[in-house]
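Chains as they are written, first to last, in the numbering used here: chain A, 547 to 788; chain B, 30 to 303.
Worth double-checking, as some hints may not be accurate.
Claimed, not checked - To spell it out: a stretch of chain A is covered by chain B in this simulated footprint if at least three of its residues, at any positions, have a beta carbon under 8 Å from a beta carbon of chain B; those stretches are: (1) 618-631; (2) 645-652; (3) 656-662.
None of these hints come from the bench; they were simulated from the model.
Idealized CB from N, CA, C, for every residue including glycine.
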Amino acid sequence: MDVKSLPSIESIRFEGLTFAHEGYDPTLRACDFEFPMNSVVWVKSEEGAGKTSLLQVMAGLLIPQGGSYFLNDHDVVPMSFEEFLPYRLKIGFTFDYGGLINNRSIFDNIILPLNYHDLLSPADAQHRVKEMIERFDLGKYQKERPAHVPGRVRKLAVLLRGLIAYPDMLLLDDPSIGLGDSTQMAFAELLKELHQQGHVKHLFVSSHDERFMNLFSHQIIHLSEGLLYKQANVTERIVVNG
Amino acid sequence: MSAWIERVDGLGRFLTSNIEYTLRIFLMVYLSLRATILDKAQGFRTIVGVIAAQVYFTGWQALPIISALALATGSVLVLQGLGNLTLLGGSEMIGSLLLVTLSREAGPLLVALVVVARSGTAVASEVGNMRANREIEALESMGINPLSFIVFPRILGGVISVLCLAFYFNLIGILGGFFLTKPLHDMPFSFFMDSLSKAFTMDDVFIFLLKNSFSGMIIFVVCCYQGLSVKKSPHEVPQVTTQAVVNSIIYVTVFNLTVTAFFYMSKLKSMGVL
Chain A
547 MDVKSLPSIE SIRFEGLTFA HEGYDPTLRA CDFEFPMNSV VWVKSEEGAG KTSLLQVMAG
607 LLIPQGGSYF LNDHDVVPMS FEEFLPYRLK IGFTFDYGGL INNRSIFDNI ILPLNYHDLL
667 SPADAQHRVK EMIERFDLGK YQKERPAHVP GRVRKLAVLL RGLIAYPDML LLDDPSIGLG
727 DSTQMAFAEL LKELHQQGHV KHLFVSSHDE RFMNLFSHQI IHLSEGLLYK QANVTERIVV
787 NG
Chain B
30 MSAWIERVDG LGRFLTSNIE YTLRIFLMVY LSLRATILDK AQGFRTIVGV IAAQVYFTGW
90 QALPIISALA LATGSVLVLQ GLGNLTLLGG SEMIGSLLLV TLSREAGPLL VALVVVARSG
150 TAVASEVGNM RANREIEALE SMGINPLSFI VFPRILGGVI SVLCLAFYFN LIGILGGFFL
210 TKPLHDMPFS FFMDSLSKAF TMDDVFIFLL KNSFSGMIIF VVCCYQGLSV KKSPHEVPQV
270 TTQAVVNSII YVTVFNLTVT AFFYMSKLKS MGVL
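Build the full structure now, drawing on both the sequences and the hints.
The following block contains the structure:
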């Protein structure tokens, strides 16, 4: 697929969006919300209020029961898998745990989206993945399968796979869990670099880790009782690495 | 009166849940085919790789057990058939007996049972674990449709494997059965082959293809469906695997019986009995 033909994500909006897991209270109740763009957004809520579900709805992994979810003023809720695909390729999503393909090596896991969709030539795809692997010193684990590597490596592999296609919108679910301080800093630096290069324009992070979030200049949105609220002030960047 | 209503209600619920399940199975066949056709990203190489792996695990690795089963079944049928047909003076019917019992009836069922036991369980638990480990969700998040990436190649690989295994079963069962029991009877091979060739009709080819291809499809669709029905936790995997085995065997048996019944009735009709 030609990357240039994919739509760039310019706006994200919910209109009366309702989502509930079967047998549970709704995570989103007729929610109207215009998401902040071109920024790092910290998604906060009480524990179990549905941050992960919110990110999964935004990634198109969960289908809302009602309302509309607009990407670039196109309602994506009624779209089929194939119709949503061009948007999906511009959205990166990383899991809080699990999510690696167990019968593929760490390298093959990270390169999978690039190769499957022919987003880059095989040589360029290999080069990009090798660069990432070297940057995070994962070389000795790259040929191992997920079950044979430490949790930190699994977590990093999931994070790198989410952004390897340089998406416009990146949704990170508890990205700092399982990572050491130096890896957290290095990952935050990578995100900032990609943002400066015009990739990962809209970053949404669900986290309870204030120290990690303070590595970015971020805005905050709260999910509470099925509705989203924007926090008025913009938190100043507290820690800048380098 | 209320007990009677409860029984009818129970029967109704049983029927509707089974009809719903069957419709869901058909729907998954359609959706996986649709996803494969519409999936422009999935290259020929990717899909052929997964199909080849499935054929290797389901077909190639099952050859020893299929050989043993085919030899045992073929030998028993040759010995029992010859023993009884000779008493009736109809030993030239041995070919017809073998084709009807082995190729049309026992072959498809035994091959299906072996495939369910070996590969159906493997597919159901593999897909179930992928679901529990969020690999299916991960594929979706990367824009990879699990129906075209996981389900369709397994169904197609399964159908190819079952067809090949059934052909191999018939060949080994009939010829191997004859040669294995040769010391116990004095039938010339030319007589045996003549009897077989006289009994062989296009109906045998039709029934072979129909029963075995659909059995292969049923087994792998049901097992993939059960695997994908895992919701959250790995503890569901053994449960869905057991259910996959039970459902596959029920569906395959009912399908084989239905084909046989239709064929038998059409035979009777063509003979003017019905």
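Verification of the hints:
1. 618-631: holds (count 3)
2. 645-652: It holds, with 4 qualifying residues against the three required.
3. 656-662: holds (count 3)
Figure legend: structure checked against the earlier numbered hints; every hint is met.
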